[in-house]
Amino acid sequence: MSTTDRNTTANGDASATFDVVVIGAGIVGSAIARKLAGHELSVALLDARNDVGDGTSKANTAILHTGFDAKPGTLESRLVREGYHLLSDYAERTGIPIERTGALLVAWNDEELEALPGLKEKAERNGYDRTEIVGPAEVYRQVPHLGEGALGGLTVPDESVICTWTTNLALATDAVRRGVTLLLNRRVEAVEERGGTTVLRTTGGDVTTRWVVNAAGLGSDVIDRMFGHDRFTVTPRRGELLVYDKLARPLADRIILPVPTSRGKGVLISPTVYGNVLLGPTAEDLTDRTDTGTSEKGIAFLLEKGRKLMPELLEEEVTATYAGLRAASDHSDYVIDADARRRYVLAGGIRSTGLTAGIAIAEYVAGLAGEAGLELVPREDLPEPPRMPNLGEAFPRPYQDAARIAADPAYGRVVCFCERVTAGEIRDAFRSPIPPAGLEGLRRRTRAMNGRCQGFFCGAEVGRLMESRGADACGPRVPHENREHGGERRSPEARR
Amino acid sequence: MSTDTDTTPASAGVTTLTPAVVIVGAGPSGLSAARELAPRVGGEVLVLDRESTAGGIPRHSDHPGYGIRDMRRFMSGPAYARRLVEQARAAGATIRTNATVTGWAGERTLEVTTPQGRLRVEAGAVVLATGARERPRPGRLIPGDRGRGVYTTGHLQNIVHLQHGKVGRRAVIAGAELVSWSAALTLREAGCATVLMTTEYPRPDSYALFNIGGRAFFRPRIATRTRVSRIIGKPDLRAVEIENLDTGARRIVECDTLVLTGDWIPDHELARAAGITLDPGTKGPLVDSAFRTDRPGVFAVGNLLHPVDTADIAAIDGARAARSVLAWLNGGSTPDGQVRLVAEAPFRWVTPEVIRRGDPAPARRRLLLWSDRFIPFPRVVLRQDGKVVARKRLWWPASPGRVFRVPSIMLTSVNPQGGPVSIGVED
Chain R
1 MSTTDRNTTA NGDASATFDV VVIGAGIVGS AIARKLAGHE LSVALLDARN
51 DVGDGTSKAN TAILHTGFDA KPGTLESRLV REGYHLLSDY AERTGIPIER
101 TGALLVAWND EELEALPGLK EKAERNGYDR TEIVGPAEVY RQVPHLGEGA
151 LGGLTVPDES VICTWTTNLA LATDAVRRGV TLLLNRRVEA VEERGGTTVL
201 RTTGGDVTTR WVVNAAGLGS DVIDRMFGHD RFTVTPRRGE LLVYDKLARP
251 LADRIILPVP TSRGKGVLIS PTVYGNVLLG PTAEDLTDRT DTGTSEKGIA
301 FLLEKGRKLM PELLEEEVTA TYAGLRAASD HSDYVIDADA RRRYVLAGGI
351 RSTGLTAGIA IAEYVAGLAG EAGLELVPRE DLPEPPRMPN LGEAFPRPYQ
401 DAARIAADPA YGRVVCFCER VTAGEIRDAF RSPIPPAGLE GLRRRTRAMN
451 GRCQGFFCGA EVGRLMESRG ADACGPRVPH ENREHGGERR SPEARR
Chain S
1 MSTDTDTTPA SAGVTTLTPA VVIVGAGPSG LSAARELAPR VGGEVLVLDR
51 ESTAGGIPRH SDHPGYGIRD MRRFMSGPAY ARRLVEQARA AGATIRTNAT
101 VTGWAGERTL EVTTPQGRLR VEAGAVVLAT GARERPRPGR LIPGDRGRGV
151 YTTGHLQNIV HLQHGKVGRR AVIAGAELVS WSAALTLREA GCATVLMTTE
201 YPRPDSYALF NIGGRAFFRP RIATRTRVSR IIGKPDLRAV EIENLDTGAR
251 RIVECDTLVL TGDWIPDHEL ARAAGITLDP GTKGPLVDSA FRTDRPGVFA
301 VGNLLHPVDT ADIAAIDGAR AARSVLAWLN GGSTPDGQVR LVAEAPFRWV
351 TPEVIRRGDP APARRRLLLW SDRFIPFPRV VLRQDGKVVA RKRLWWPASP
401 GRVFRVPSIM LTSVNPQGGP VSIGVED
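In order, the protein sequence lines correspond to chains R and S. Following full-length UniProt numbering from start to finish, the first sequence increments by one per residue and tops out at 496. Following full-length UniProt numbering from start to finish, the second sequence increments by one per residue and tops out at 427.
Source of the hints: derived by calculation from the structure; they are not laboratory data. Given the structure is predicted, the values throughout are model-derived calculations rather than measurements. Among the hints, a few may not be true.
To be verified - So the derived label-pair ranges between C-beta atoms look like this:
| # | chain 1 | residue 1 | chain 2 | residue 2 | range |
| --- | --- | --- | --- | --- | --- |
| 1 | R | SER468 | S | ARG203 | 42 to 48 Å |
| 2 | S | GLY191 | R | ASP13 | 41 to 47 Å |
| 3 | R | ARG307 | S | THR334 | 36 to 42 Å |
| 4 | R | VAL222 | S | VAL195 | 35 to 41 Å |
By construction, the Cβ of each residue, glycine as well, lies at the ideal position given by its N, Cα and C atoms.
Take the sequences, apply the hints, and build the full model.
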């Protein structure tokens with residue numbers, strides 16, 4: 001897919017000197033850019049990839065965490081707790097789908113059972129007091145399809161599932177609408193200090209700025225060293241996941257979590273907002289920061305765990321397998337720090353909790369930058385946050401909306417049958433402030449081709465709509481033929 | 001056709017249709033059912049298809065071999081699809097394309113999305129003819145990179161025949177059964193060489209016709225007892241790793257295209273959404289020889305029931321099911337008592353799964369089975385209540401990758417009041 005014809009938003013003018021450049025257009029970076037753009041500042045959001053949210057933010061377990069199991073007293077604990085509420089409110093305003101499923105930690109042996117009171121107490125120290133220890137009967141009442149042998153559990157009623165893609169896109173879109181310049185396809189290769197400004201040498205040319213925020217995820221330690229620091233190392237931790245067919249969803253209507261013990265973390269089963277069921281993740285430390293492939297060992301491990309957790313789940317079809325890389329670091333907490341001398345703020349070591357904590361991290365980063373000398377004058381004229389297209393099964397989607405179809409037939413033309421994505425939604429994605437740069441980006445914006453057939457039926461048609469950037473979405477490719485009983489009209493094939 | 005637009009706020013803009021019969025899926029089985037039903041039914045026969053063109057899978061299988069058993073002809077997939085569409089229309093059926101059935105609103109009431117609006121289709125009878133699809137890569141749990149260039153046959157043929165798009169230059173085909181050769185033909189037309197076909201079985205499984213023709217034509221290498229164990233290359237496919245199932249040895253085969261063929265699963269979503277009982281073997285609806293599911297007035301035909309047989313067999317299902325649908329519409333009742341038919345290894349499944357005295361014989365007087373093992377001249381055995389009730393040597397092979405047919409006359413000695421009947425083989 002060509003990236004040269006991207007619109008100006010996504011390939012913004014980088015010739016000016018920005019007040020702040022945020023490196024990394026994942027959830028954390030997008031949230032920071034959005035926050036800073038709420039002030040009288042010129043802000044750019046820069047990313048090495050051709051789309052926002054194409055790194056760690058796109059492939060995680062998509063759980064909105066209460067923070068019940070964070071390490072009490074850490075910055076992570078605080079920001080996850082705050083972020084939970086901030087993101088919940090933001091989701092309400094922008095239409096990011098969230099399902100309040102709740103979670104259940106399940107104990108399978110005595111060690112895990114004995115760990116439950118400690119976890120409940122830990123949750124309370126993290127400011128979350130709604131957990132409850134339950135016996136096996138209640139565990140099976142809540143999850144009737146759970147495998148045999150559960151001894152008890154801990155309920156976490158406010159753990160929820162969210163759409164990580166829409167979260168990232170909403171924050172980045174909001175940032176762009178607030179005037180942030182989005183600079184994609186620019187990998188930072190070197191940093192130069194030049195008389196009160198910083199020049200970022202990127203694969204897409206130089207970008208000059210007074211302040212830099214490093215939210216580069218898997219690359220954050222590398223960027224940090226360019227600023228003369230040597231304080232942490234990112235170890236990519238691969239997490240492989242299996243996504244089961246929507247027909248499996250009745251088996252798991254809440255998040256089923258393992259009890260963390262001395263023998264490490266187990267895997268979870270979670271519903272997704274798209275109506276699927278996740279099984280995973282594995283946890284494997286890698287050295288290659290780009291290896292998002294799946295492995296034979298990982299898949300075998302997940303199947304073995306899944307067979308014990310929920311044997312019926314394994315009878316269902318797997319509709320996707322994927323691997324995400326968490327930006328784990330050698331620190332046990334987020335590493336967020338401002339360097340006033342270099343006019344530089346680091347937001348590093350952000351693990352998978354960054355999805356929940358992102359907006360709170362942005363608040364915190366802005367505060368630090370302000371203290372370090374970045375002038376923060378709030379703007380009065382901020383646009384409303386964007387209303388995002390709904391990708392969630394729990395909320396109405398265009399194909400179900402008779403009024404919307406009547407107003408625009410493109411919403412009645414289902415292109416991706418498994419996920420029921422309409423031509424109208426694909427067209428809208430291309431007309432949005434941050435259009436997709438390729439098929440993967442389109443999938444994250446619409447769910448097209450994410451379903452059980454993986455393109456058997458729709459792949460070619462979706463590809464065709466990609467080529468035209470959704471332009472011919474309004475009418476079907478072959479005219480619809482609606483004939484009365486017994487009516488005769490030549491078929492389109494017969495006309496050839 | 002009676003039509004009225006509901007104006008209550010909850011369903012504003014939803015149009016209600018009340019056909020005598022609604023058929024979901026305009027492939028060979030659905031269209032054949034429509035052709036037989038339309039002249040014999042008082043009301044409308046409405047066929048719904050989510051694609052923008054009716055005809056089903058044969059539309060994009062642009063090679064000969066279609067229509068042999070049902071039309072007594074030898075024609076290409078697209079020509080066969082056109083003919084089925086023409087026949088159904090000539091018989092008076094209504095075909096609506098771009099019409100996606102999204103769920104049920106009652107026993108025999110469907111919710112449908114079309115560019116012309118949302119429909120509520122309240123039918124006297126429903127025929128599910130939703131077909132089957134090939135299991136894609138995730139369902140096969142093949143590890144490795146998510147490189148571009150991995151297709152199922154359906155995806156590939158859609159790209160090449162319907163969209164006239166491009167694929168790569170060097171392909172590996174996973175599978176060596178009938179559909180795999182269809183994929184090889186398509187690749188050839190697209191200018192892509194098939195460098196290797198893999199099969200987990202000890203021998204290639206497709207029909208002799210295709211094997212002789214195929215071998216002479218392509219001379220591709222067929223690696224028996226192998227599987228694709230890893231996918232290598234991103235963003236574009238570079239190679240696949242092939243494992244020998246007997247020795248465990250692995251090697252790398254360079255390719256830019258991988259076609260995953262066969263490994264069919266029925267498109268059973270609507271059946272499951274209705275709570276219709278499925279057969280664990282076929283994963284399609286459990287039916288009797290009259291194509292009844294366990295929901296009254298809901299029938300199922302075609303490769304939804306037997307993933308997959310050839311298109312002509314699917315078409316014959318549809319035509320035969322028409323009688324049962326008519327009987328239902330005319331108030332006919334289902335005979336009492338039933339005997340469950342159960343497949344035993346090496347058979348993975350058998351259909352129809354339910355036999356009733358008084359029902360018509362299965363289509364073409366054949367039970368359809370799927371074998372996991374090659375047996376040159378299988379001696380088929382039926383057992384009921386601990387006793388052998390029938391035994392017969394068949395003079396055609398049971399072979400993985402295609403349907404195995406057993407004469408239904410073997411059921412004659414089954415006790416209609418007895419327990420389940422197992423069907424297996426004796427060595």
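How the hints compare with the structure:
| no. | hint | in the structure |
| --- | --- | --- |
| 1 | R:SER468 <-> S:ARG203: 42 to 48 Å | holds, 46 Å |
| 2 | S:GLY191 <-> R:ASP13: 41 to 47 Å | holds, 42 Å |
| 3 | R:ARG307 <-> S:THR334: 36 to 42 Å | holds, 39 Å |
| 4 | R:VAL222 <-> S:VAL195: 35 to 41 Å | holds, 40 Å |
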